Every structure is written in C-alpha cells, then in structure tokens.
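Visitor: The primary structure of each chain is shown beneath.
2 protein chains.
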Amino acid sequence: MSAATPTFELFYWPTIQGRGEFVRLVFEEAGLPYVDVARRPAGEGGGPGAIVRLLEDDTAGTPPFAPPVLRVGRLRLAQTALICRYVAAHGGLLPPAEDDWLRADQLMLTVMDRVAEVHNVHHPLASSLYYEDQQTEALRLAPIFIAERLPKALGYFEHVLSANAAGEEQVLVSDALSYVDLALFQLVDGLAYAFPNALAALAPQFPRVMALHAAVAERPRIAAYLASPRRLPFNEHGIFRHYPELDPPR
Amino acid sequence: MSAATPTFELFYWPTIQGRGEFVRLVFEEAGLPYVDVARRPAGEGGGPGAIVRLLEDDTAGTPPFAPPVLRVGRLRLAQTALICRYVAAHGGLLPPAEDDWLRADQLMLTVMDRVAEVHNVHHPLASSLYYEDQQTEALRLAPIFIAERLPKALGYFEHVLSANAAGEEQVLVSDALSYVDLALFQLVDGLAYAFPNALAALAPQFPRVMALHAAVAERPRIAAYLASPRRLPFNEHGIFRHYPELDPPR
Numbered sequence: 015m016s017a018a019t020p021t022f023e024l025f026y027w028p029t030i031q032g033r034g035e036f037v038r039l040v041f042e043e044a045g046l047p048y049v050d051v052a053r054r055p056a057g058e059g060g061g062p063g064a065i066v067r068l069l070e071d072d073t074a075g076t077p078p079f080a081p082p083v084l085r086v087g088r089l090r091l092a093q094t095a096l097i098c099r100y101v102a103a104h105g106g107l108l109p110p111a112e113d114d115w116l117r118a119d120q121l122m123l124t125v126m127d128r129v130a131e132v133h134n135v136h137h138p139l140a141s142s143l144y145y146e147d148q149q150t151e152a153l154r155l156a157p158i159f160i161a162e163r164l165p166k167a168l169g170y171f172e173h174v175l176s177a178n179a180a181g182e183e184q185v186l187v188s189d190a191l192s193y194v195d196l197a198l199f200q201l202v203d204g205l206a207y208a209f210p211n212a213l214a215a216l217a218p219q220f221p222r223v224m225a226l227h228a229a230v231a232e233r234p235r236i237a238a239y240l241a242s243p244r245r246l247p248f249n250e251h252g253i254f255r256h257y258p259e260l261d262p263p264r
Numbered sequence: 015m016s017a018a019t020p021t022f023e024l025f026y027w028p029t030i031q032g033r034g035e036f037v038r039l040v041f042e043e044a045g046l047p048y049v050d051v052a053r054r055p056a057g058e059g060g061g062p063g064a065i066v067r068l069l070e071d072d073t074a075g076t077p078p079f080a081p082p083v084l085r086v087g088r089l090r091l092a093q094t095a096l097i098c099r100y101v102a103a104h105g106g107l108l109p110p111a112e113d114d115w116l117r118a119d120q121l122m123l124t125v126m127d128r129v130a131e132v133h134n135v136h137h138p139l140a141s142s143l144y145y146e147d148q149q150t151e152a153l154r155l156a157p158i159f160i161a162e163r164l165p166k167a168l169g170y171f172e173h174v175l176s177a178n179a180a181g182e183e184q185v186l187v188s189d190a191l192s193y194v195d196l197a198l199f200q201l202v203d204g205l206a207y208a209f210p211n212a213l214a215a216l217a218p219q220f221p222r223v224m225a226l227h228a229a230v231a232e233r234p235r236i237a238a239y240l241a242s243p244r245r246l247p248f249n250e251h252g253i254f255r256h257y258p259e260l261d262p263p264r
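Chains S and E, in that order, are what the protein sequence lines are. Each number in my numbering comes from the position in the first sequence (counting from 1) with 14 added on. Each number in my numbering comes from the position in the second sequence (counting from 1) with 14 added on.
Warning: the hint list may mix true and false statements.
Any copy will do: because identical chains look the same in the list, a pair fits if it lies in one copy or spans two.
Within a straight-line C-alpha distance of at most 25 Å, the following computed SDA-like cross-link-like pairs (lysine to any residue) qualify [as the list claims (entries may be wrong)]: (1) 166 with 131; (2) 166 with 248; (3) 166 with 178; (4) 166 with 146; (5) 166 with 68; (6) 166 with 47; (7) 166 with 48; (8) 166 with 203; (9) 166 with 142; (10) 166 with 28; (11) 166 with 264; (12) 166 with 64.
Hints were generated in silico from the structure; no laboratory data involved. Remember, predicted model here, so these are calculated numbers, not experimental data.
Based on the provided sequences and hints, a complete structural model is requested.
Guide: Shown next, in the form of structure tokens:
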C-alpha cells in the first residue's frame, strides 16, 4: 500500500443505501477502488459485525457516533459529508478552485439536512420505533413535508443552479461536476422512489434540478454502477421509503 | 479594513440563541470583534429584515438555505458547523495539528446532529406549526428522547473525552480547547435549560462532559460573555425550550 493509492474501507449497513450511498457514489464516479466492508461475508470480516467492531474500537482516536465510517490506514472518519469530501479530494471531485470548496461544503451539508428531514417523515418520533408505531404521526407530517419542505428544498437547489452560470454543464458549483452534484442526484433519486406522486407533480417547477438528476444518471461510471449489483435497491429499511399512504396520488 | 482584520458580520435571528449562539461563542472565546447584524436597530440596517435581504441577495454566489450566515467581504457562508470552523481558524480555536482538524469537524457535525434532535423533541412534525399544535406528538417523543437519545449523546461525548488523554485539560480534541468544546458546552447548557430534571438525573454518569461544561463557563471571556447583555436568555422560541410537561420530575 503506497501513500498514493491508499486502501479505502467503507463501513456501512450492508442491506440499505442509506447515508452510505452518498459515499459509494463518490467512489464510483471517481473510479477509486474501495472495500464495502460490511457487504463482504461475515467469515471474511464482513457483515454488520464489522461495523459494531469498528464502533467499539477504542484504540484509534476519536470514535465515530454512527456509520458510515471511512477507514483509511489509521484514519477513521465519520459523518457522511466529511467522508464524501475526503473521497472527493482524492478522486478529483472537489471543485478546482479553493474558493469554491466552502460553497461545496455548505451545499453538501444542506443536502444532508434535507436527507435527515426525509427520514423524519416516516420516523417523526424515534429511529428505535417501527414505522407502524409512528404511522399516525407520519400521516400528519407527510402532507406538510410535501406542501412545504419538499418544494422549499427543490426550489433552493434550483435557485443555486440558476445562480451558478459558470459553465455550459449545469452543476451546483464551479463549471464541472463535483461531489455535491452526486449528493443532489441521490437526494432526488431517493425522493423519486419515496414520493413519486409528489415529485412528479413538482418536477416541472424545478427543471434544472431534474436535468441534473438525469445528467448524473447518464454519466458512464454512474450508469454502470446503477446497473450493477453494487447498487442496492431502495427498500423500506433505509432513508428513502415508499409508503403509498404518505404519497397519495395528486 | 485590512486582510488581517476582516469585518465579520453574523446574520442570525435577533431574539434567540438558536444555532447562531454556537457562532457567537467562538467569536467571544477568540476575542474577535463581530457585528451581530440583526441585533442592530432596523434603522441602521439591522433587524430581521437584514437576514431576509441577505437570503434574497442573488448577486453573491451560492445563496444560503437558512441562517446563521456569516458575511466576510464577498464571502457569504451558511451552515453553523462551517461558520464555527471558519471563525475558529481565524481566532486560534482550531486544534493545532492539521491531523486533528478532521476529528474536530466530525465532532462538530455530531454536536449539530444532536442539536437537530433536541429541536425535534418539541417540533416533531414541522417547524411551521406551533408547539401547541404538535404537543401530543412531543409528549410521546420526549420520554424516548430522555431514555434513549440523551444518554446516548452524552455517553458518546463522555467516551470521546475518555479516549482523548492528550493533555491535562479535559477537551475533546488534542490538548487545548477548540471550537468543538464550545459547541459541546452550548449543547449541554441548552439541555440544562430545556431538560433540567433529566439532565440532573443523568449527570453523575457523565462526569467528564459535565466538567467540560463547567470549565468552559468559567473561562474568563466566556464568563464575561455569559454575564453580558450580548448573551440572550434561553426562551421558548429557540432550539432549547423548557416545557415542564416534556421534562417531568425524575
């Protein structure tokens, strides 16, 4: 293992996209090899047990609060936005000008705040309760999310895309794709899964956001990834869950 | 205005501590002059209108999603964790070794995630609804927060403090106070206001966290700030709200 090609090990739950998916997309677009540790067989050090062991390892400095965690040599790094940025820096997916790094950081954290909001729709009370045990609350929250928060979020990113007239390609920062565009892709992709009716009704108002989503999906490495078994399907255990009762026909 | 002493302008709601308070604490401990723009009279460009004008200004690059926002010359920076880090870098409150910067970033984002959780206790459904309109849900959530999330959060930071045996002073990263210690102070201070009964019952299990809180409060600049009119009192419009029904006697 040379310093130029470190081994990147991602620790994230092996059966969901979740927050780990934001990291996977950066690896895939960058073409950086990575080990998705918990998706390896338990007998080879994988499985959810690998995550538990990592979280409980007290010998490696600041422990992480929760997955995803990236391990690179002696570094253990948690927090999705930080991991994505770290991988992006190694994979040529930071905006080229340093002045733009803070803009990208800001947008990345704003995407992740929206991700937390989406999760909150089906789990308004507690991650430790089943959806069914907080469905009454979710049914009250979902229409508010769809009427207020969803258009606010999409409108914000539409606004950012409009304000960034830097290049021909429509991206959030600078004039070339960066890791934050991948994050916005994943946010929209998840919303399309979880709230297809609401998103279809709103999409015409946010053409730049929808175009960015489509353009990312067509990038060769992303398209290959999405078609591969490495891309886990969305399901009702992750962040973006499709419960028809929360997304009635418009 | 020279490059060495930029004018720092903080834009945040003038009547609450909220997320802006995390930024104010970094300025105060660093001894960096700053303008708390919206707390100036409306006739002098202050008041909440200053925030609205800033959010709607399309001429300054990537627009912010929400306050707090820091303006420094042409830079507009949103996201509390990023602003705190930026001010800390100018004010000598980053850990000295670059290797520790990522640790601090990770902890700062973990504090801010906890802040969002605390806000969620009294607003489980929507920021746009009054507490009274989601009190039923809050009453269901609060005992779960107190039983599960609060001890998990405090236990995490206790663990980080234990694992960091770097110096005599008990801090989260490295061997001297950094901006993340100020953030943990504010989290604990807010919890002590919002959930005094729950925190008092839990405090003996988390002596390092409580000692850090006490030590930060006694630092000369922080003590002077807390005693000054610049420190807004906690109230029931911010993140940390004291609703007795959510924090019953233990």
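Visitor: Hint by hint, say whether it matches the structure.
Guide: Hints versus structure:
no.: 1; hint: 166 with 131; verdict: both (12 Å within a copy, 21 Å between copies)
no.: 2; hint: 166 with 248; verdict: within (24 Å within a copy, 28 Å between copies)
no.: 3; hint: 166 with 178; verdict: within (18 Å within a copy, 41 Å between copies)
no.: 4; hint: 166 with 146; verdict: between (28 Å within a copy, 24 Å between copies)
no.: 5; hint: 166 with 68; verdict: between (37 Å within a copy, 17 Å between copies)
no.: 6; hint: 166 with 47; verdict: neither (36 Å within a copy, 34 Å between copies)
no.: 7; hint: 166 with 48; verdict: neither (35 Å within a copy, 30 Å between copies)
no.: 8; hint: 166 with 203; verdict: within (17 Å within a copy, 32 Å between copies)
no.: 9; hint: 166 with 142; verdict: between (28 Å within a copy, 12 Å between copies)
no.: 10; hint: 166 with 28; verdict: between (32 Å within a copy, 23 Å between copies)
no.: 11; hint: 166 with 264; verdict: within (18 Å within a copy, 40 Å between copies)
no.: 12; hint: 166 with 64; verdict: between (38 Å within a copy, 21 Å between copies)
The structure is inconsistent with the numbered hints 6 and 7, although it conforms to all the rest.
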